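S.K.: Each chain, letter by letter, is given below.
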Amino acid sequence: MARLHLRIVTPEQIKLEEDVDMVIMRCVTGDMGILPNHEACSAVLDYGALRIISEGGERRIAVYGGIVQVHDNIVSVLANGAQWPEDIDVSAAQAERDRAQSLIESESPSTDSLTIQRDHIKLRRSLVQIEVSSYSILGSKHHV
Amino acid sequence: MPSMKAVKRRIVSVKSTQQIMKAMNLVAASKLQKTKGKLEIVRPMFSDIKNLMDGIRADSDGSDESVYAEKRDVKNIVCVVITSDRGLCGSYNINISKEALGFINKSDKQVKVVAIGTKGWEFFRRRGKDIPHRFSFGSETVPYEDAEDIGHLLTALYTSGQADEIYIAYTKFNTALSHKPSVVKLLPVGTEDGEEEGEAAASSLVHHGKLMSYDPDAGAFMSYAVPMYVNLFLYGSMIESAVCEHAARMTSMDAASRNAAEIIEDLTLAYNRKRQGMITQEITEIVGGANALQ
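Chains as they are written, first to last, in my numbering: chain R, 1 to 144; chain G, 1001 to 1294.
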């Protein structure tokens, strides 16, 4: 049976390149699942967990926004950033979440939009980190 | 003629300078290796996103309501110039600055400069250019966050209409000895100039062979993909420039330490000649004195 060739790259690292059975990812319009022989498509990735299903096991990786392109059973994910659960420092992420939350609360209408945007990005990033980090033990048996 | 002591002192000072240059050479070599590793990752990723952009352009019929797709009268041009923060890297900075200056002078429009790296900022400030934004350039690490921050700014300049065209001047790395300063268009995405781009678009069409579907739609996809493309483009050219800087520093330090070795050789020769001259003179004096006694 045809399989998907999944490639996850960030500007600083090639995170993963291997054949898998199914990919489920968080796009801006909702979750999108990709099975082999999917039509050619491109989508915008949101902040969220990307689920990789391969040989009966499932792994998750935190993706911090990006774009994905699917064609000819090749799924190439270009992410702004990505992290495996075991690389995430949960306590740091929790601290970051609390800090971002208090920053957002202290914002006034005069705060410039770039700062607001940056604070929200921090918050979303830390929330995804916390969510994905809980899958560390489940996923580790399939992750080398 | 300088005294023997003076020659000796010069030898010592040239030797210590040579030590420093040798050390800088080694440091540049290791930094070169590090940044080169990054380059190998970012190059394929960049060509991926470039193909994607070319694909969108080929697929979209121009009806998309994306700010990046609209055509504008070009009034304001922004040129991003990437140079190093520090000197001692041969002609690296002057080459790219001159290339950018040539581009700016050729244009009949008003060109603003965004300087990444202190050296370029100094160069254009001395020539009285308008530099609304200036960044320092940490060529040792080149974090992606830096490129993201500058990229956000550039995208904002473009979408707000403060810039109708954005160019980027950077040094392209071929081999350790061959670097090419070049000015390329960043925004709007891939219109006219450059035969390379045309080729890429054609190859991407052949590559996919069928129409892509876009989620949510081509216009929305583009308004997300373009900023990312800008960030990546910027990051890629920063990495290329950093690699070139280290390579340039390495070769110029290597040449400098070889020059130092030559100077040391000459000075040592002069020193020995002097020493021998003194010994000869002393012997002559002794012999002369002994002869006078007989």
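Be aware that one or more of the hints could be misleading.
Beta-carbon label-pair distances, calculated as ranges [said to hold, decoys possible]: (1) G/1105 x R/106: 44 to 52 Å; (2) R/89 x G/1266: 54 to 62 Å; (3) R/35 x G/1041: 23 to 31 Å; (4) G/1127 x R/29: 27 to 35 Å.
Result set (DSS-like, lysine-lysine): computed pairs, CA atoms no more than 30 Å apart in a straight line [what the hints assert, rightly or not]: (5) R/15 x G/1034; (6) G/1185 x G/1112; (7) G/1109 x R/15; (8) G/1172 x R/15; (9) G/1031 x G/1098; (10) G/1031 x G/1185.
If you are wondering where the hints come from, they were derived from the structure by calculation, not from laboratory data. Note that this is a predicted model, so its numbers are computed, not measured. For every residue, glycine included, the Cβ atom is placed at its ideal position computed from N, Cα and C.
S.K.: Would the hint linking residue 15 of chain R and residue 1034 of chain G be met if the CA-CA limit is 30 Å?
M.R.: holds (18 Å)
S.K.: Between the beta carbons of residue 89 of chain R and residue 1266 of chain G, is the distance compatible with 54 to 62 Å?
M.R.: Holds, at about 59 Å.
S.K.: With 23 to 31 Å as the target window, see if residue 35 of chain R and residue 1041 of chain G comply at their CB atoms.
M.R.: Holds, at about 29 Å.
S.K.: Can the restraint linking residue 1031 of chain G and residue 1098 of chain G be considered satisfied, given a maximum Cα separation of 30 Å?
M.R.: Satisfied, since the Cα-Cα distance of roughly 26 Å is no more than 30 Å.
S.K.: Is residue 1031 of chain G close enough to residue 1185 of chain G, meaning Cα to Cα at most 30 Å?
M.R.: Distance ~28 Å between residue 1031 of chain G and residue 1185 of chain G Cα, so the pair holds.
S.K.: Does the structure keep residue 1109 of chain G and residue 15 of chain R at a Cα separation of 30 Å or less?
M.R.: violated (44 Å)
S.K.: Are the Cα positions of residue 1185 of chain G and residue 1112 of chain G separated by 30 Å at most?
M.R.: With Cα atoms ~14 Å apart, residue 1185 of chain G and residue 1112 of chain G stay inside 30 Å; holds.
S.K.: Within 30 Å, alpha carbon to alpha carbon, are residue 1172 of chain G and residue 15 of chain R?
M.R.: holds (26 Å)
S.K.: Is it true that residue 1127 of chain G and residue 29 of chain R lie within 27 to 35 Å of each other by Cβ?
M.R.: Because 49 Å falls outside the window, the suggested range is violated.
S.K.: Regarding residue 1105 of chain G and residue 106 of chain R, is the given constraint of 44 to 52 Å on their beta-carbon distance met?
M.R.: holds (48 Å)
Consistency with the previously given hints fails for numbers 4 and 7, ordered from lowest to highest.
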